[in-house]
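There are 2 protein chains.
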Amino acid sequence: MKSDLAESLQYLFCPGSVAVVGASSTFGKWGFNIFNRLTSSHPKAKIYPVNRSADTILGHKAYPDLLEIPDQVDMAVIVVPTDSVPAAVQECVDKGVKAAIIVTAGFRETGGEGSQLESEVLKIARKGGIRIVGPNCMGHFNTAVDLFTAGPVGIRRGPLALISQSGNFGEYILERGTEKGAAFSKYVSSGNEADLTVEDYLEFFAEDEETKVICAYIEGIKDGRRFFKLARQITKKKPFVVMKVGRTAEAARAVLSHTGSLAGSDAVHDAIFRQCGVIRVEEVDELLDIALALIRQPLPRGKKVGILTAGGGFGVVATDACRRYGLEVPALSEETVQTLDKYLPPRWSHSNPVDMAGTFEGNFGCIGNLLKTDDFDAILLIGSIGFPIERLDYAATMAEIDTGEYAKKLMEEELRLVDGLIERIDRHQKPLIISSIAGVNKSPALAKLEDNGLYAYRTPEDGAKVISYLVRYSEYRGLIK
Amino acid sequence: MKSDLAESLQYLFCPGSVAVVGASSTFGKWGFNIFNRLTSSHPKAKIYPVNRSADTILGHKAYPDLLEIPDQVDMAVIVVPTDSVPAAVQECVDKGVKAAIIVTAGFRETGGEGSQLESEVLKIARKGGIRIVGPNCMGHFNTAVDLFTAGPVGIRRGPLALISQSGNFGEYILERGTEKGAAFSKYVSSGNEADLTVEDYLEFFAEDEETKVICAYIEGIKDGRRFFKLARQITKKKPFVVMKVGRTAEAARAVLSHTGSLAGSDAVHDAIFRQCGVIRVEEVDELLDIALALIRQPLPRGKKVGILTAGGGFGVVATDACRRYGLEVPALSEETVQTLDKYLPPRWSHSNPVDMAGTFEGNFGCIGNLLKTDDFDAILLIGSIGFPIERLDYAATMAEIDTGEYAKKLMEEELRLVDGLIERIDRHQKPLIISSIAGVNKSPALAKLEDNGLYAYRTPEDGAKVISYLVRYSEYRGLIK
Numbered sequence: 000m001k002s003d004l005a006e007s008l009q010y011l012f013c014p015g016s017v018a019v020v021g022a023s024s025t026f027g028k029w030g031f032n033i034f035n036r037l038t039s040s041h042p043k044a045k046i047y048p049v050n051r052s053a054d055t056i057l058g059h060k061a062y063p064d065l066l067e068i069p070d071q072v073d074m075a076v077i078v079v080p081t082d083s084v085p086a087a088v089q090e091c092v093d094k095g096v097k098a099a100i101i102v103t104a105g106f107r108e109t110g111g112e113g114s115q116l117e118s119e120v121l122k123i124a125r126k127g128g129i130r131i132v133g134p135n136c137m138g139h140f141n142t143a144v145d146l147f148t149a150g151p152v153g154i155r156r157g158p159l160a161l162i163s164q165s166g167n168f169g170e171y172i173l174e175r176g177t178e179k180g181a182a183f184s185k186y187v188s189s190g191n192e193a194d195l196t197v198e199d200y201l202e203f204f205a206e207d208e209e210t211k212v213i214c215a216y217i218e219g220i221k222d223g224r225r226f227f228k229l230a231r232q233i234t235k236k237k238p239f240v241v242m243k244v245g246r247t248a249e250a251a252r253a254v255l256s257h258t259g260s261l262a263g264s265d266a267v268h269d270a271i272f273r274q275c276g277v278i279r280v281e282e283v284d285e286l287l288d289i290a291l292a293l294i295r296q297p298l299p300r301g302k303k304v305g306i307l308t309a310g311g312g313f314g315v316v317a318t319d320a321c322r323r324y325g326l327e328v329p330a331l332s333e334e335t336v337q338t339l340d341k342y343l344p345p346r347w348s349h350s351n352p353v354d355m356a357g358t359f360e361g362n363f364g365c366i367g368n369l370l371k372t373d374d375f376d377a378i379l380l381i382g383s384i385g386f387p388i389e390r391l392d393y394a395a396t397m398a399e400i401d402t403g404e405y406a407k408k409l410m411e412e413e414l415r416l417v418d419g420l421i422e423r424i425d426r427h428q429k430p431l432i433i434s435s436i437a438g439v440n441k442s443p444a445l446a447k448l449e450d451n452g453l454y455a456y457r458t459p460e461d462g463a464k465v466i467s468y469l470v471r472y473s474e475y476r477g478l479i480k
Numbered sequence: 000m001k002s003d004l005a006e007s008l009q010y011l012f013c014p015g016s017v018a019v020v021g022a023s024s025t026f027g028k029w030g031f032n033i034f035n036r037l038t039s040s041h042p043k044a045k046i047y048p049v050n051r052s053a054d055t056i057l058g059h060k061a062y063p064d065l066l067e068i069p070d071q072v073d074m075a076v077i078v079v080p081t082d083s084v085p086a087a088v089q090e091c092v093d094k095g096v097k098a099a100i101i102v103t104a105g106f107r108e109t110g111g112e113g114s115q116l117e118s119e120v121l122k123i124a125r126k127g128g129i130r131i132v133g134p135n136c137m138g139h140f141n142t143a144v145d146l147f148t149a150g151p152v153g154i155r156r157g158p159l160a161l162i163s164q165s166g167n168f169g170e171y172i173l174e175r176g177t178e179k180g181a182a183f184s185k186y187v188s189s190g191n192e193a194d195l196t197v198e199d200y201l202e203f204f205a206e207d208e209e210t211k212v213i214c215a216y217i218e219g220i221k222d223g224r225r226f227f228k229l230a231r232q233i234t235k236k237k238p239f240v241v242m243k244v245g246r247t248a249e250a251a252r253a254v255l256s257h258t259g260s261l262a263g264s265d266a267v268h269d270a271i272f273r274q275c276g277v278i279r280v281e282e283v284d285e286l287l288d289i290a291l292a293l294i295r296q297p298l299p300r301g302k303k304v305g306i307l308t309a310g311g312g313f314g315v316v317a318t319d320a321c322r323r324y325g326l327e328v329p330a331l332s333e334e335t336v337q338t339l340d341k342y343l344p345p346r347w348s349h350s351n352p353v354d355m356a357g358t359f360e361g362n363f364g365c366i367g368n369l370l371k372t373d374d375f376d377a378i379l380l381i382g383s384i385g386f387p388i389e390r391l392d393y394a395a396t397m398a399e400i401d402t403g404e405y406a407k408k409l410m411e412e413e414l415r416l417v418d419g420l421i422e423r424i425d426r427h428q429k430p431l432i433i434s435s436i437a438g439v440n441k442s443p444a445l446a447k448l449e450d451n452g453l454y455a456y457r458t459p460e461d462g463a464k465v466i467s468y469l470v471r472y473s474e475y476r477g478l479i480k
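Protein chains in written order, with numbering that gives the first Met the number 0: chain A, 0 to 480; chain B, 0 to 480.
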């Protein structure tokens, strides 16, 4: 059974050929969106449009039905009207298609007749041995082979996989993630899950070598027992971050009319997730922030946080946030005070949070030593890497020195030191969480860290929150005694 | 006493002439930063550099001491070494300067000798009748007269005033606020508050016609009784949003070494803030988000939220978030269902959250009617204004229609409808909180709303949170029975 599933999903994510049943030249239609997204992303697969009344679709020869295509079709995307879906699925079976994505809506989520139609479609698929994504979904992608039936333009290839029961919210997660620098391996909008479910994709992504962290937006779980068993196995190796919505009665009602799912008891979900090591988040930014941290940061071996800042206010804010999230902010040992004294001017705070009092020179020496000392299990660094070069621009007209040259030297020095930092993180197996205060324009040093899977967060509070999630996952993994 | 204070602060924020004592040509020094910031922002005030050993500073004739300046000096910025500060303040007194900003650090925040020095400075100032900002601060600004001794480049003139006891964190709030579209009236980094305190600036900003919302980052309050009395008066007319840090013992320790303040009991602060209508926030993004909402949004007359979305997932997420923040998400009345039926295709959700099921056409009709109906006290709109034009670009190469033209029409239609929306918000006195899913590139419609003081938030969750703060403030103001 498992190998069958893996084989079907392999056809779904790495097809040799794809047909779009209901492909259209009319801008704005789903049949246009999907076909255009597919062909303009230049996948390694061959793409065939199926349309009864057109000779060509966006420059591609169109076929009146699947059976006319003079080639094997591994995977089909179905975007015909609701009533025509059963016939389209039957055609897929007749053609020997292995997996189909039914984008069309109007099934179980509408109740009554829609539910019946969904059962009918499922029956045809089961009988014909074809696996179904959806219906009422928005597509999928696999960046490794440039295959996109969904996803905003600009998605980069990387280690995050995403399963979303909401097509719109899935696109939103992908878009907001891309803004934050996230890069993705595979994505699927799972819709009503008439056949393939979150559990199936989860099982597949667990074995996917391109995927290091699995993320999911879930409205309802079909097979709780299987989900639990799978998650418990997977989270021992791969982090699994879940945004499970429908917590409240009002939202559960909305879930039912959205994907026809039962949201289920929230307390039960909380308990299940905790027991099987699923990292449950509340908000979209948390989902992305924690997933990004899990790509490359070592898991902390305790909850003692050392805070290093370029200014006192940041330290106070970060300390409050760490304590609010259940972390410890212990004092510096006498040894660490002496070590930091070597790098900092006399006016530094001499305590944790370490306020470097406006100096940037001792920065990297301090970070290196905080990563090394046993005083702390994680380091929260605020605003002391990534000097915002644009802040110097205004001075350029007036200053008697070349500020451009000064800024360039600063950047180069930072870039030079980043490698050493990465080596230290690995050697001491201690997370270094950076809250950038540089705004939207990222410095070369922060960009280099990002290229190495080490992301900067927006605020001191977000950085503290990320550490608290890492600590909880580390506790689950038994790394904290 | 009050008029004296107002007069001194008038000299601080609207001086006819300013001296920078310790002005420098050396890039990176405070004496350079402040003087350069001042002169490059082209204030209406005259600017004089004071420097014992230079003839000119950045092209301006320098004076060996204040008394040599052949003009009245209303305000001085002092950036000389710590030990020279008392003499500099005495010089200010002798010259008849009305207010001085002491940027220099090394006073009470360092304990012992520093505290003594601070007392000495205060004694000179009190005796000479001069008011002092700082010491250990980072400057101020008044956008109305282009006077900047602090603040990141790019600050826009607008209705927010900010008082920050942390210079670095103040700059950060200003920078992050500017990123979010916030515009500011006045700012002061209040530092150790040897003389002028948060209470003084608060009293002044309360009467400032340029200021509609007062924000503050506070580590410790000097005169709790006065603060309470002032805040209780002010919050009846002007919202006052406070980020009070040093909640935990660890952070309170950090506060002491930062600005030498006593953080005080957090429970007491909570109670005081609640009783005098201060809107207390936890995080920097909350401070800015709620302040932006208070500029123009009407206060809700209850906690019933109507949610309108472009896709089902957003509705589920927003509903959970509203409930989490103590808001109600009631059902639609039969009348509202019938009204919305006129604007939406049959497949819309027919319930609250209103899922428009992918259509954009009925958008503005729905919003208008949700603002009008008594079903709700506030509307949360997610992703249905501000169509991200860049999403259409990728289609442009392949489509047989002109997507650029299509997008342009969409934008124009949105822009045309925005005016009606603003009129409805005012007429029905109901807040319309928008969560944009358009990413960093703002659409013309969202930009136009922003020009009218109506801001879009980043996520559905942030939008819900903002409404919950508006509800609490409205309760305090007695607008919710």
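Just so you know, not all the hints are guaranteed correct.
[What the hints assert, rightly or not] In silico EDC-like pairs for lysine to aspartate or glutamate, Cα to Cα no more than 16 Å straight-line: (1) B:Lys221 to B:Glu282; (2) A:Lys28 to B:Asp265; (3) A:Lys179 to A:Glu360; (4) B:Lys28 to A:Glu202; (5) A:Lys235 to A:Glu202; (6) A:Lys221 to A:Asp265.
[Said to hold, decoys possible] Pair ranges (Cβ atoms, derived): (7) B:Glu360 to A:Arg273: 54 to 62 Å; (8) B:Ala248 to A:Pro443: 37 to 45 Å; (9) B:Glu334 to A:Gln71: 28 to 36 Å; (10) B:Pro80 to A:Arg156: 22 to 30 Å; (11) B:Gly403 to A:Ile421: 42 to 50 Å; (12) B:Gln337 to A:Val267: 32 to 40 Å.
[Unchecked claim] Sample of chain A residues lacking proximity to chain B, with all beta carbon distances greater than 12 Å (derived): (13) Asp64; (14) Asp73; (15) Asp82; (16) Ser118; (17) Arg155; (18) Gly169; (19) Glu208; (20) Arg252; (21) Val283; (22) Gly312; (23) Glu333; (24) Lys341; (25) Tyr342; (26) Trp347; (27) Ser350.
Read the hints as simulated data drawn from the structure, not as lab findings. As the structure is a prediction and not an experimental result, all values here were calculated from the model. Heads up, the beta-carbon is just placed ideally off N, CA and C, and yes, glycines get one too.
- Message: 28 to 36 Å was suggested as the range; check whether the CB atoms of Glu334 (chain B) and Gln71 (chain A) agree with it.
- Response: The hint (28 to 36 Å, Cβ to Cβ) is violated, given that Glu334 (chain B) and Gln71 (chain A) are roughly 56 Å apart.
- Message: Please check whether the beta-carbon of Tyr342 (chain A) is more than 12 Å away from every beta-carbon in chain B.
- Response: Since the minimum Cβ distance to chain B is about 18 Å, Tyr342 (chain A) lies beyond 12 Å and the statement holds.
- Query: Straight-line Cα separation of Lys235 (chain A) and Glu202 (chain A) no greater than 16 Å?
  - Reply: 14 Å, holds
- Query: Do the alpha carbons of Lys221 (chain B) and Glu282 (chain B) lie within 16 Å of each other, as the hint requires?
  - Reply: 22 Å, violated
- Message: Over 12 Å from every CB of chain B: does Val283 (chain A) meet that, or does the non-interface label fail?
- Response: 5 Å, violated
- Does Gly169 (chain A) really sit off the interface, with its C-beta more than 12 Å from all C-beta atoms of chain B? Non-interface label fails for Gly169 (chain A): nearest chain B Cβ at 7 Å, not farther than 12 Å.
- Query: With d taken as the least Cβ-Cβ distance between Arg252 (chain A) and chain B, does d exceed 12 Å?
  - Reply: It is violated; Arg252 (chain A) is separated from chain B by about 7 Å at its closest Cβ, not greater than 12 Å.
- Since Glu208 (chain A) was said not to touch the interface, does its Cβ keep a gap of more than 12 Å from each Cβ of chain B? 29 Å, holds
- 16 Å limit on alpha-carbon distance, applied to hinted pair Lys28 (chain A) and Asp265 (chain B): 57 Å, violated
- Message: If we take the beta carbon of Arg155 (chain A), is the closest beta carbon in chain B still more than 12 Å away?
- Response: 15 Å, holds
- Verdict on Trp347 (chain A) as a residue remote from chain B, using beta-carbon distances over 12 Å: Nearest chain B Cβ is 10 Å from Trp347 (chain A), so the label is violated.
- Task: Starting from Lys179 (chain A), check that the Cα of Glu360 (chain A) is at most 16 Å away, please.
- Result: Given that 16 Å is the threshold and the Cα spacing comes to 28 Å, the pair is violated.
Of the numbered hints listed earlier, those contradicted by the structure are 1, 2, 3, 4, 7, 9, 10, 18, 20, 21, 22, 26, 27.
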